[in-house]
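Just need the whole structure built from these sequences, with the hints factored in.
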Amino acid sequence: MIFLSATNYANAISFPNDAQPLLGIQNRDGTTTNLIFELHQYFDSQGGKNTYCNDALAGKFQDVADYLRSVGRQAFIGEMGSENGQDCVDIVCPVLDVLNQNGDVFLGWTSWAAGNWWPSYELSEVPNGGDDVGIVAKCFAPKFAASK
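Residues in the sequence shown are numbered from 3 upward in steps of one, following my numbering.
There may be inaccurate statements among the hints.
[As the list claims (entries may be wrong)] Ranges between beta-carbon positions, derived for each pair:
hint, residue 1, residue 2, range
1, P144, S7, 37 to 43 Å
2, F5, Y123, 38 to 44 Å
3, I4, T53, 31 to 37 Å
4, G132, I27, 27 to 33 Å
5, P129, D92, 19 to 25 Å
6, Q22, P129, 39 to 45 Å
Simulated from the structure, these hints should not be mistaken for lab results.
Predicted model only: the values in this text are computed from it and were never measured.
In this text, a Cβ means the ideal position worked out from N, Cα and C, and glycines have one as well.
In structure tokens form, the structure reads like this:
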């Protein structure tokens, strides 16, 4: 697989409007097999600079999936981030469902977690006292629950 970083800070939501130049990238044989667009999305309106989440972004992921399908391409969400408040949980959990339900075009996702060296970072997903933070406990971890 080769990940191709999208334009406009690899913004997932704007990708359908920004993708045209990238669609011409092909393998030497003219195919696009294993050429995967790498996208990012932060759930505030400013690329991870605020501690609130913008619900206008949530519904856009199905549009991105539909676009990818229409052009016969795939993507990987290489970076996403949000604060841990309930407003973000209410947005991010359904977005993960959309990503997982469109596994033919979204090959997977990862989130931005920061690290122990930055404990006051608003988007940190580092466990606090051994407990997962809200967004991890309520959204991310359940997506990996063992099936019976």
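Checklist entry - So which hints don't hold here, by number, going up? => result Violated hints (numbers, rising): 1, 2, 4; every other hint is consistent with the structure.
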